[in-house]
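Here the protein sequences line up with chains A and B, keeping their order. Just so you know, our numbering puts 489 at position 489 of the first sequence, and the rest follows in order with no gaps. Going from the second sequence to our numbering is simple: count from 1 and add 1000.
Don't read these hints as lab results, they were simulated from the structure. Where is the CB? At the ideal position from N, CA and C, for every residue including glycine. It cannot be assumed that every hint is accurate.
[Said to hold, decoys possible] Residues on chain B that point at chain A, a partial pick, calculated with CB under 8 Å: (1) 1373; (2) 1375; (3) 1395; (4) 1410; (5) 1421; (6) 1424; (7) 1428; (8) 1429; (9) 1441; (10) 1442; (11) 1444; (12) 1477.
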Amino acid sequence: MIAWTIYVTFAGAVLLLLSPRAFARWIALLTAFAGLALGLIELVRTPIADLARFTTIVRVPWVLALGINYHLAIDGVSLTMVLVTGISAVSTVLFSWDVKERQNEFFFWLLLVVAGCYGVFLSADLFLFFAFYELVIVPKYFLIAVFGSTNKEYGAMKLTLYSFFGGMFVFVGILAAYVTAGTLDLNQLSQFQFSPQLQSWAFPVLFFGFAVLAGIWPIHTWAPTGHAAAPTAGSMLLAGIVKLGSYAGLRVAMNLFPQGFQMWGKWIVLLGVIGIVYAAAVALRQHDLKFVIGYSSVSHMGFVMFGLAAATALSVSGAVLQMFSHGAIAALLFAVAGRMIYRRTHTRELDVLAGMSLSRVLPFAAFTFVVASAASMGIPGFSGFAAEITILIGAWKTYPVAVWITGAGMVLVAAFTLRALKQSFFGEARSTVQLQDGRVALDPDWNEQQTITAAEKCGACLLMFATIAVGLYPKLLLDRIMPAVEAMRFLQ
Amino acid sequence: MAGLITTTIFIPLLGAIAVSIWPRGNFRGVALIFTVISAACALGLWRDFNTALAGLQLVERCPWIPAVGAEYLVGVDGLSLLLVLLTSLIIPFAFLAQPPPRGGRAFYATMLVMQSALYGTFTAQNFVLWFLFYEMSLIPAFLLIKIWGGENRDYAATKFFLYTFLGSVAMLLSFLGIYFARQTFDFAVLASMAKNGLVPGNVVWLAFAGIFLGLAVKVPLFPFHTWLPDAYQTAPTGVSMVLTGVLSKMGVYGFVRLLLPLFPNEIKIIGPWLLALAVCSIVFAPLAAWAQKDLKRMIAYLSVNHLGYCMLSLFAVAASPVVAARIDTDAALSGVFMQIFSHGITAATLFYFAGLLEQRRGQRGIDDFGGLMQRTPLLCGWMSVAIFSSLGLPGLNGFIGEFLIFKGSFAIAPGFAAIAVIGLFVTAIVFVRAMQSLFSGPLAESCSAFPDLLPVEKLVVVPITLLMFAVGIAPQFIFNIFNTTVVQMARLFA
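Isolated chain A (complex conformation) (with noise of 0.2 Å):
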């Protein structure tokens, strides 16, 4: 059921090429929609205990001399991912919802990259799963090269580049596993003893090349300009691309090569470490909002980082519940910076947004933005103090170090989010804008003269709801996820 998420998206996508204008964006919506209803439904009703295993649900052989199969499985992991997946969707159709030029092809662009990603989340064939994983580059590359605003082609070019690059090493080492296994159903890989040696680098290189995507420091930086290029469901959804390379490395570099994991564990931790307090540290410099939530991204990727790496099952459990809030709390954030704020003020510069105080004209934006930096910052009820808080007792255990300068780095999440938030919604207003209830100044440059539409709002509510139903009751996902993760072998 739950591989109908893929069809559907797919599906859609053609639809969306064929059918006249005028239906683009309801067609997206409602291929959104079913892709998060259909995650919904397996979530009610697949029972938790057929959820610890990685279980097969569709499997076809699909090139016979080669022993490659359509191969597709789920356990709490994957469908945690794959809901994720589904709001993000959802909610990045309503925040495009009033795209002008080449809608259908917008959509078409972005359903893709959804469909993409329901396909890597889900497959549990090495060869299907690289398929996806090389095949979301492309969309994402037109969604930004065509549709994107600043600096659209360098952005574009760079994403699409250290992608490619990161894939060289991926091929690498999934070819590595592949040769010497002798199989690619990642169930059998995952029982398969590989020698010391053979993972010793192999899962070095698989998972430097999962890294790149996932957006670790120190070769983070297509993120942030990747993001301030992108129109703002580009962002949105590249927000939820980099859990393509995290989850990845999870699914495949730690699952297969246990001890090489075990080898450099630490030197990930290093590195998860220095992003969280780096990238905090950089945000609090930055003058575009949207470089600002850039970075922020990749200090909460830094916490997914750390949590895998502490290899505990609380920690690896707090970093897959950390993907999905990061999921829901990124996407918010850009839509406030790029859609609300960008699309009226037609500036993302916080000196100059601080003095238009958005906070009178925009009361819902504000309210938005509160929320989603209220759930950046980690303040307990949204879903990001579930996840950082079991990622921090569950890596206590075996780096105690790390978390206490993660605890301190925390305060510089804490810093620019709140300096962001005061700049661009509570600044103090000059006299010389004039304001009016609902709208931006009126300056001729400023022409989107339009309050907070409806389907905005939709949007925001729905990833505003993830985020604190998740944050209120993380038991929703965190028993599912749980002994999926226990499963696992690096674990053992």
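Given chain A, work out where chain B should sit, using these hints.
Just chain B now, kept in the frame of chain A:
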């Protein structure tokens, strides 16, 4: 049906005569009719071909010059059939793609002669016959470049001719040497004797070097590739498509059919050097492509890179000192065949698009265009598909072949394969850079009057793109053609 291969070979030749004596009118139409008939015959071959059997099928044999052991011997196995089908696909495509040249009559006649020669090369199983067809394709190619080429055509045509001709002469001498030692020209018979060395003593190395040189120039393999960018760049669109789509496969075919079966011991000895050459092709060619300003030249260099993958895999299989596992050999060889086919359609399509751009603009420097996405979205979209296919993106044809090649050669020669992966990345850089400057950015003034894809052009582009997707998503139907041949060859190398 008996005689089907012969029919396939000679119909284009008849067509060439028909075009030459046709009073006046639509020469292209006449040429197309003959091409399509022979393509239909090729499809008939596919129908009659039993994919479950290994070895040559539909063999036609009759004595020709018994004194020198020359026979008219044609037959197809999986590899031959694949290449015959590829030829049947590319040539009509090239006819449609080529805007009618001046002196159309002669052009179409020459192309048809080349088609006939190509069919012959891929089906002949006796050296004398094979060599005849092999050379027969050289002269039309030379003429097509020399007469209908762009600027610099004299230089390019001469260089092309000298390189390939020198290679052919070396190959001929080697085969004469082998004939004097073994008294036969039959490929299969020679291959069966090869285990003990075809020629006594160190002369075998001379024979090996001659054949190697001839084929390496044809593929081309680094460092024998320097004729290629000049030739591909200057040739008219249709000819570039055939050169890269089919002619370059003659070299790869020669390696599979001749060099590897006839000199198994020699290849094992110098294997690492051959692998190194293949890796150089793979890594240096895209670097050179990166530096090119001319679109066609860029694609030409990337062609060297793509055929380098084939060479890597072939050498890995043939040269590995240890006996490789069967599954790896199978993968490597299937990858080579797959890559031959998909490079044929992809590279030809890329040249086609380069030709379309050139027709519209009159120039083809990468910097002469800009912002095409705004003006000609359809052209950009379909061209992107071809580019991504060439990049080896999953879901398109290029990926399958490259994945298998790397899978197979990584198992056998991990070091070389790992270095070769760099080639994939550099190719990506080259293409992304090209897309960037062609499609994105502000619309260049000189491009502001471009028409988007015309209906005729769509007629060419859409089917070939669908084929790319079909091969990428469900490659099994191509595998079926050569599966048993691969298994048989793998046994040979084991």
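Evaluated hints:
| no. | hint | verdict |
| --- | --- | --- |
| 1 | 1373 | holds, 6 Å |
| 2 | 1375 | violated, 13 Å |
| 3 | 1395 | holds, 6 Å |
| 4 | 1410 | holds, 4 Å |
| 5 | 1421 | holds, 5 Å |
| 6 | 1424 | holds, 6 Å |
| 7 | 1428 | holds, 4 Å |
| 8 | 1429 | holds, 6 Å |
| 9 | 1441 | holds, 6 Å |
| 10 | 1442 | violated, 10 Å |
| 11 | 1444 | violated, 14 Å |
| 12 | 1477 | violated, 11 Å |
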